[in-house]
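Participant: Those protein sequences? They're chains A and B, same order as listed.
Residue numbering for the first sequence follows our numbering, starting at 1 and increasing by one per position.
Residue numbering for the second sequence follows our numbering, starting at 1 and increasing by one per position.
Calculated from the structure, these hints are not laboratory results.
We put the CB at the ideal spot given by N, CA and C, even for glycine.
Incorrect hints may appear among the rest.
As the list claims (entries may be wrong) - Quick look at which bits of chain B chain A covers, simulated, 3 or more residues with Cβ under 8 Å: (1) 4-18; (2) 135-142; (3) 225-238.
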Amino acid sequence: MGTAIRIDDLWVRYREEEDYAVKGLSLRIDEGEFVILMGPSGCGKTTLCYTIMGIIPRVIKAEVKGSVKVFDLDPLTASPTDLAKYVTIVFQNPEMQLVTTSVYEEVAFPLENFGLPKDEIERRVKEVLEVVGLSGLENRSPASLSGGQKQALAIASVLALRPRVIILDEPTSQLDPQGTKRVTDLILKLRKEFDTTILAVEHRIEWAVEYVDRIVVMNEGRIVLEGDPKEVFSREIRPERAGFRPPQVSEIAYNLMRSGVNLPTIPISLREASSILRGVLDEGAGHSRS
Amino acid sequence: MSFEYGLYIPGRGVFHRLDPRAKIIWALTVLAFSIYNGNYMMNPIYGGIIYASALLALISSKPTSFWYKLFGGLTAVILFFSLVFWPASAPRGGRPILIIPILGWKYTDLALNLALSKAFLVLSPIIAIAVIFITSRPGDLFQALVRWKLPYRLAYIPILALRFLPTVIVEIKTITDAQKSRALELEKGSIPSRIRKYIAIFVPLMIRMMRSALELGVALDSKGFGVMKTRTFSRELRWRLYDTFMLCMLIAVYIISLIMLTRIPIWW
Numbered sequence: 001m002g003t004a005i006r007i008d009d010l011w012v013r014y015r016e017e018e019d020y021a022v023k024g025l026s027l028r029i030d031e032g033e034f035v036i037l038m039g040p041s042g043c044g045k046t047t048l049c050y051t052i053m054g055i056i057p058r059v060i061k062a063e064v065k066g067s068v069k070v071f072d073l074d075p076l077t078a079s080p081t082d083l084a085k086y087v088t089i090v091f092q093n094p095e096m097q098l099v100t101t102s103v104y105e106e107v108a109f110p111l112e113n114f115g116l117p118k119d120e121i122e123r124r125v126k127e128v129l130e131v132v133g134l135s136g137l138e139n140r141s142p143a144s145l146s147g148g149q150k151q152a153l154a155i156a157s158v159l160a161l162r163p164r165v166i167i168l169d170e171p172t173s174q175l176d177p178q179g180t181k182r183v184t185d186l187i188l189k190l191r192k193e194f195d196t197t198i199l200a201v202e203h204r205i206e207w208a209v210e211y212v213d214r215i216v217v218m219n220e221g222r223i224v225l226e227g228d229p230k231e232v233f234s235r236e237i238r239p240e241r242a243g244f245r246p247p248q249v250s251e252i253a254y255n256l257m258r259s260g261v262n263l264p265t266i267p268i269s270l271r272e273a274s275s276i277l278r279g280v281l282d283e284g285a286g287h288s289r290s
Numbered sequence: 001m002s003f004e005y006g007l008y009i010p011g012r013g014v015f016h017r018l019d020p021r022a023k024i025i026w027a028l029t030v031l032a033f034s035i036y037n038g039n040y041m042m043n044p045i046y047g048g049i050i051y052a053s054a055l056l057a058l059i060s061s062k063p064t065s066f067w068y069k070l071f072g073g074l075t076a077v078i079l080f081f082s083l084v085f086w087p088a089s090a091p092r093g094g095r096p097i098l099i100i101p102i103l104g105w106k107y108t109d110l111a112l113n114l115a116l117s118k119a120f121l122v123l124s125p126i127i128a129i130a131v132i133f134i135t136s137r138p139g140d141l142f143q144a145l146v147r148w149k150l151p152y153r154l155a156y157i158p159i160l161a162l163r164f165l166p167t168v169i170v171e172i173k174t175i176t177d178a179q180k181s182r183a184l185e186l187e188k189g190s191i192p193s194r195i196r197k198y199i200a201i202f203v204p205l206m207i208r209m210m211r212s213a214l215e216l217g218v219a220l221d222s223k224g225f226g227v228m229k230t231r232t233f234s235r236e237l238r239w240r241l242y243d244t245f246m247l248c249m250l251i252a253v254y255i256i257s258l259i260m261l262t263r264i265p266i267w268w
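Required output: the full structure, derived from the provided sequences and hints.
Facilitator: This is the structure we're talking about:
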């Protein structure tokens, strides 16, 4: 498995800012990996994503030091045409990314921009709409879709270009539980069917904690914690200090452990928490019987 | 008020089925005839034609009452200002038809004709352009402009503006509601103080729009917009016999009325 994103000693400072937004950050994400980037607002998550996308310094002017590689491309110097085939971004508000007036046109739009022939466009649109579960809605207006469907459409529209890396900026922040499930299912499908590398910026983790390969926590422009979810949440994380919430089941476990309940491990999912608590309760019942 | 497709309202009427290029040519014809002002009778008649066209487009679109109110309001405002201001520059003479006692204003038939013709000079092209937007899918309009060799990056600007017009309207409503909930009373106070109060709407709107514009720019960038010199269209516009026939009919209405009007003796 190759490396999808490789960042070495990256420093980014916006124009007219004294302090660096990203400070000597190094990160490696493998091909096909699903990574969630967490941290308080202003910790440099978006700056990092924009740099990977080449938006910094091409669109947003900033001083950039260090090296960034997306496969064998350097986003800092690569042309947007080349870059769009490798890496793309979907923002939290799909409203501003849907630029046409029908589902079909929305998915066809990037393919038309790359001058693909009509037959190829039709084939890819059909394929992508099936993947994201929007088949049959080709003539619907994006405005008439639900929040989850809009986010799926925003992902579909960039997916049509078959990028190898997709950056999702808080993909579920504006969605109800149903919409969140749709996005989760879609991410799993993308990984399974296309081996797509996914980097998601998030404040909430519940929806992905069971599927994510790695969590990277940033603070003040640096990576402060990194590992699989089990590893990251094994030590108590206080939301008011960390700037993000651990899974609520983990928070319950932290509270229980603080009040003297002995748990074998910190659960990260509801399923795991149920089984741990059942064990603790059974053990307690056994003690009281004896 | 629903702006699901921007200003476009789906329908199956005469204008909906017409190629956008034919509609643009028709709108240019309307504009040309509105500017040509050889006979005072002409503009009210062209006004009648344009309203018939607008009604045709609206009936087939089945829009909300918003559009009827918009057209009605626009007509009322432009007619009012034309009737107030244009008679002052009307030629001397003519039959007086209305005298306003206190002000001493005298409206002659010539002044009224001048005011009406100036009103329709403004209204006709506006309504024709509105008919185009109501009955054409933005994507088709975009393609029509590109087919006429307009660079597609340039042609997309008005289409994008149209697409996001409803978003801006929603944003204005959200900000207004938020500010009203913070006790901002837009309806009270003198005109200068009301204008000052609108700054509380305008500033956050501009900030939100600038942020959105950046996101939109990045989104377009990641969709490869502008990376190639030319682009393809998955659904191609096709000029049909129907378009030629309908365009000829629409232009013929103007030409015939022009011929008739120039032969009818001026009645005043």
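Participant: All hints are to be evaluated individually against the structure, with a verdict given for each.
Facilitator: Now for the hints, and whether the structure bears them out:
Check result for the segment 4-18 of chain B against chain A: holds, 4 residues qualifying (beta carbon to beta carbon below 8 Å, three or more required). Look at the segment 135-142 of chain B against chain A: 3 of its residues bring a Cβ nearer than 8 Å to a Cβ of that chain, three or more, so the hint holds. Chain A is given as covering the segment 225-238 of chain B, and this holds because 11 residues of the stretch bring a CB closer than 8 Å to a CB of that chain, at least three being needed.
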